[in-house]
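**Q** Put chain F on the given structure of chain Y with help from the hints.
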Amino acid sequence: MTTNTSTRGKMALFIGCAVLMAVAPFVIGSVLGNSWVRIVDFALLYIMLALGLNIVVGFAGLLDMGYIAFYAVGAYTYALLSSPQFGLHLPFYVTIPLGAICAACFGLLLGTPVLRLKGDYLAIVTLGFGEIIRIFMNNLNQPINITNGPQGVNLIDPIHLGDVTLGKTMQIGSLNLPVVYLHYYLFLILSVLVVILASRLQHSRIGRAWVALREDDIAAASMGINIRNIKLLAFALGALSGGVAGGLFASFQGFISPESFGLMESIMILAMVVLGGMGHIPGVVLGAVVLTVAPEILRDTIGPLQMNTFGRMIVDPENARQLLFGLALVVMMLVRPAGMWPSKRRALEFSDAKAKARAQKG
Amino acid sequence: MADALLKIEGINKRFGGLQALSAVSLEIPRGSIYGLIGPNGAGKTTLFNVLTGLYMPDEGTFTFDGQDLFRAKPHKVVAAGIARTFQNIRLFSEMTALENVMVGRHIKSRAGALGAVLRDPRTRAEEAAIRDKAWELLEYVGITDVAGELARNLSYGHQRRLEIARALATEPKLLALDEPAAGMNPRETDDLRQLMAKVRDGGVTILLIEHDVKLVMGLCDRIAVLDYGKRIAEGVPDAVRKDPKVIEAYLGVAHE
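Chains as they are written, first to last, in the working numbering: chain Y, 1 to 362; chain F, 363 to 618.
Same shape as in the complex, but just chain F:
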């Protein structure tokens, strides 16, 4: 793969005596939808948190779009172009949907305390641009009708979409989605699939953790499988589906 957007090698992460990730390596090609699957407790979310700067890996290398992000702080990771959503939705519940997305523009705007206090024309223009862009993103994910509602009052499906809009507001090169379809009904899942395809077609690479194997197999260009903190398989969906190690991890092996 010549054009890898994200490349990690030999990532280790321990929590006390627990080896949560051991020597995990991944290469995510630019412009793809990359799936990360594995049984519960396999280390998917840990890897996610390492990739987004919430956890510091113990060893390994982590390069993204030519930048070294090993043990970088979350805001540096976001600045480099990785945005994420959370498994258990983490919106700013007391802010409106629009304000949530506006927070996502933080990294792409500059006004400081002095600008806020003086309200000079530049700050006002920037503020207007933030608002416009946020509105545009709500339109993009299709929830402008609830723009003025508090995030906590939105329906589950809307909250998921809002989280994606908020992440997109940082103009990421890689959008990392942690089980976005969890708890969705088939119709909502289908809408989500379309949204993800739209985001990818817009030039954003997607990293997707998902339990819904059907969704992953149908949507992803490549898949990596984690089990007990190790990468046990990697490849195109069809190959991964047939991999005996993967079948064993998911179904267990028959004892004779």
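So that you can see chain Y by itself, here it is in the shape it has in the complex:
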């Protein structure tokens, strides 16, 4: 009987969540305006990115600072194949998977030379890799114009199938679905899919091998795990999700340029993983949402707050936003070093380490 009630409880929770997420854009749109639905759309994109990076950093313990490169590869693959740039207008069901595969290949390309590197060295090389990709995109307008250089690619096709397009407000009966709502549903479905895939990977033979690699690579090798293959698999599968997110980003924005794929973006995604709770999927999702939404809230509130309290602008809102954001990160890491929502065991480990340190002091 108890199992029956608990499954029924789970079902109720699941249906509740589904209904909540289905009506979310309408609620947010009518209360806060459609610009906030757009922010939520981006939060969903970042969930996909953060979960992809979480495979590499959180599961396998490989510090990758150039993750944004895979986002860029996915985005450019979509953009070049569905825009007037080359006059190609391939459908999304070709370009998005192709972008994902391209990104995974780039994951292998990055993974192969860094197989022997660990920790700081790995971080530096991956950081360089991310920059190389961006600089390539920036300069591949000569001698043959491929990426259109710093001007970026414009007029990228929205996702469409026959007459149905996500690029225009859709009318279903008396229901009006603006572009940002349509993308919300698409991104939501794909984010949920990425969550499911990531959690299935985590609780599998492959996931265990990744954690073993993270914990002790020598012991992992001595258990018969092929270190090279398992590392490359982490890089490739992590990149895959980044590539999908990139394609979606290009179709959603309609315009991309190398500027969107800078080092700061890589760091932001890494911050989402670390701040949320490395290796813990719900934590990473939370991290992605908080780090996408919080800066926007600050953007909306800092200016008016200063005007109300001081009667004039003391600090430029954009600077103040960055300052507060940095401060929040530092405080977070001091108060909750394992992240906002760590897995139970990581939380335990950090509290153990604290207790040990205290015992040594005392």
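It is worth saying that the hints were derived from the structure and are not from the lab. A couple of the hints might just be wrong.
[Said to hold, decoys possible] Quick look at which bits of chain Y chain F covers, simulated, 3 or more residues with Cβ under 8 Å:
#	region
1	196-202
2	225-233
[What the hints assert, rightly or not] A short list of chain Y residues far from chain F (calculated; beta carbon distances all over 12 Å):
#	residue
3	Gly119
4	Gly162
5	Ile218
Treat the numbers as computed from the prediction; the structure is a model and nothing was measured. Glycine included, C-beta positions come from ideal geometry on N, C-alpha and C.
**A** Using the frame of chain Y, we list chain F on its own:
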């Protein structure tokens, strides 16, 4: 020895100018407990690392159960049937005891990323088999009561046992134990001795590095002694015990 499970000949290993192993030869008979002793820094662990693929030997031959394993990668060595434990225990500290042993089943299972994602019946069956086997091994070494504990929270003796269970999970033909009794009290050492005898009786050959000479002499069928990277003696315990070279290596020689 007609039935040698592992045979190395003329193994050399240099680290820069240091000759860590020079022309070491060994033959480990199938079904035995083979001891490897020697003073600190004699090259025991280096030889161990060569035998388990962590170090690449410079010269020599290395055959195991009819396969050539000279300069083979660790995962190949494990696949061939050699499993090991470490002198300074190397468990996956953030995983539970059960999960640690489950990692040991990696080599004996096949599910890839696609299987993990699709969770087809075969993958699920394999996963269940991995779990069952891991539980069985925890039972075998007698630590099922801590199966759900993180490896890092286990007692020292339990950690040693867990490492053995994890190594056994790869279904080795040769189990190589690097100072398993280090830091154990007499009672734990005695339990360990029984466990090793049980493993041997189960058909697994054991290679044992140990400082506890009493344990080695009482348990091993044959012993090799290393000193300064050279094999200075080899034979049954009684013969090795009386070998003047061994006495010299351990106690030094009287100057007159």
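**Q** Looking back at the numbered hints, which does the structure fail to meet, lowest number first?
**A** 5
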